[in-house]
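Chemist: Guided by the hints, dock chain B onto chain A, whose structure is given.
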Amino acid sequence: MLTDTRIHLTKDRKSFVVGTHQQASDEGWASWPQLLQELGSDHQLAEYLYSLTSFTRQEMLQVAGKAQEFWPPFEQKITNFNTILAVNEVFEKYSEHVLRKYIANGYDRIEFRALLTPLKHYDEAGNYLGELPDSSFANTFETAYERVRKDHPGLSVGFIFFGLRCLSDH
Amino acid sequence: MQEEDSTGSIERYDAIADRVLAEFPEQQLRKCYHAGDTRDHRNRNVELAVKAGSVRIGHGLNIIQHVEILPLCASVCFELCPISNVITASSARLDLRLSNAPILLGLGIAVSINPDDPGKFGYEDSTVDYFCAAVSFNWTLKHLKLIAIHSINHSICTEGTKLRTLRAFNERWESWVKEL
Numbered sequence: 001m002l003t004d005t006r007i008h009l010t011k012d013r014k015s016f017v018v019g020t021h022q023q024a025s026d027e028g029w030a031s032w033p034q035l036l037q038e039l040g041s042d043h044q045l046a047e048y049l050y051s052l053t054s055f056t057r058q059e060m061l062q063v064a065g066k067a068q069e070f071w072p073p074f075e076q077k078i079t080n081f082n083t084i085l086a087v088n089e090v091f092e093k094y095s096e097h098v099l100r101k102y103i104a105n106g107y108d109r110i111e112f113r114a115l116l117t118p119l120k121h122y123d124e125a126g127n128y129l130g131e132l133p134d135s136s137f138a139n140t141f142e143t144a145y146e147r148v149r150k151d152h153p154g155l156s157v158g159f160i161f162f163g164l165r166c167l168s169d170h
Numbered sequence: 171m172q173e174e175d176s177t178g179s180i181e182r183y184d185a186i187a188d189r190v191l192a193e194f195p196e197q198q199l200r201k202c203y204h205a206g207d208t209r210d211h212r213n214r215n216v217e218l219a220v221k222a223g224s225v226r227i228g229h230g231l232n233i234i235q236h237v238e239i240l241p242l243c244a245s246v247c248f249e250l251c252p253i254s255n256v257i258t259a260s261s262a263r264l265d266l267r268l269s270n271a272p273i274l275l276g277l278g279i280a281v282s283i284n285p286d287d288p289g290k291f292g293y294e295d296s297t298v299d300y301f302c303a304a305v306s307f308n309w310t311l312k313h314l315k316l317i318a319i320h321s322i323n324h325s326i327c328t329e330g331t332k333l334r335t336l337r338a339f340n341e342r343w344e345s346w347v348k349e350l
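Those protein sequences? They're chains A and B, same order as listed. Those letters in the first sequence? Residues 1 to 170, by this note's numbering. Those letters in the second sequence? Residues 171 to 350, by this note's numbering.
Extracted from the complex, chain A is given alone in its bound form (with noise of 0.2 Å):
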């Protein structure tokens, strides 16, 4: 993701969106680079990143076992993650680094909870090109999978789809 230069951090630093270079300049948004430097070290910036869409070590402290507390900022942490997962491009990415994650630990049948969502599309500088069609979601995981397939011919997949309840009667 961090090779990615169509990401960036909104400008209170708290979401990811995706846009031009144009578009960061005007919006305030972060890039990278800016964001290291802002943060310091690698370290840090991964830290920060990781606790954009991931429940960090003091927050568990904070809201585990409270039903009250959890759901707010597990909902924003989704929300953030999912910003950058509809990428077409980074979901590929990803669809294959969790596949060989999970090939590596010894699994050879993986089923996921998914949303039922498109894709985006953007070109390389970042403009936003559109809503992909329904099977975007399938045809790029697809490639992925077939790629991992190569190599680990073993491996099925399935997907349990959510998101039932945000489709209408049509």
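Read the hints as simulated data drawn from the structure, not as lab findings. Just so you know, even glycine gets a beta-carbon here, dropped at the ideal spot from N, CA and C. Where hints are given, some of them may not hold.
A short, non-exhaustive set of chain A residues, derived as facing chain B with CB atoms under 7 Å [to be verified]:
1. Lys-77
2. Gly-158
3. Ile-160
Taking lysine-lysine and the DSS-like style, the derived pairs with C-alpha atoms no more than 30 Å apart in a straight line are [said to hold, decoys possible]:
4. B:Lys-348 <-> B:Lys-315
5. A:Lys-101 <-> A:Lys-120
6. A:Lys-150 <-> A:Lys-11
7. B:Lys-332 <-> B:Lys-221
8. A:Lys-120 <-> B:Lys-201
9. A:Lys-77 <-> B:Lys-201
10. B:Lys-312 <-> A:Lys-77
11. A:Lys-93 <-> B:Lys-332
12. A:Lys-150 <-> A:Lys-93
13. A:Lys-120 <-> A:Lys-77
14. B:Lys-315 <-> B:Lys-290
15. B:Lys-332 <-> A:Lys-101
16. A:Lys-120 <-> A:Lys-93
17. A:Lys-11 <-> A:Lys-77
18. B:Lys-290 <-> A:Lys-14
19. A:Lys-150 <-> A:Lys-14
20. A:Lys-101 <-> B:Lys-221
21. B:Lys-332 <-> B:Lys-201
22. A:Lys-11 <-> A:Lys-93
23. A:Lys-66 <-> A:Lys-77
24. B:Lys-348 <-> B:Lys-332
25. B:Lys-201 <-> A:Lys-101
26. B:Lys-290 <-> A:Lys-93
27. A:Lys-11 <-> A:Lys-101
28. A:Lys-120 <-> B:Lys-348
29. A:Lys-150 <-> B:Lys-332
30. A:Lys-120 <-> A:Lys-150
31. B:Lys-201 <-> B:Lys-221
32. A:Lys-14 <-> A:Lys-93
33. A:Lys-101 <-> A:Lys-150
34. A:Lys-101 <-> A:Lys-77
35. B:Lys-290 <-> A:Lys-11
36. B:Lys-290 <-> A:Lys-66
37. A:Lys-93 <-> B:Lys-315
38. A:Lys-120 <-> B:Lys-290
39. B:Lys-201 <-> A:Lys-93
40. B:Lys-315 <-> A:Lys-101
Modeler: Just chain B, lined up with the frame of chain A:
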């Protein structure tokens, strides 16, 4: 995966699922609902999920509060997520040892171990969940093997893939047990 009480009953969404399944029978789609991850005794989602024919139920642990439904659960697998249960505190008691999962397994109902949201919680895959279940429920290798077999038998793949996976699992299990 999400806060169940805030999103209400699954009843009206099940009607949508029924329409989709009826429209695409060749896809052999199955229902795998997320339900019963709640402390609200008025929440009947787990009962609705079982009656709707959900082949797997995400969490579903408060099924134990609906004992009259248990006879209908012979072919349902309940996806236990030990770490998530403790962190979200949405259904299980904070002390995992008091979870309903061992009761379900003891009653002969299929249970699998799942990680729910490992990325958000700061770990990978389901190894830590298996460990916590084994320690908390005093499960032996026998229990763990049964859980693994349940997870394969209730996977959403073809019967051929299930057989291949079961064969591969048995070979690896035997080999691993010999090394212990």
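Chemist: List, from low to high, the hint numbers that the structure doesn't satisfy.
Modeler: 6, 10, 19, 20, 27, 28 and 37
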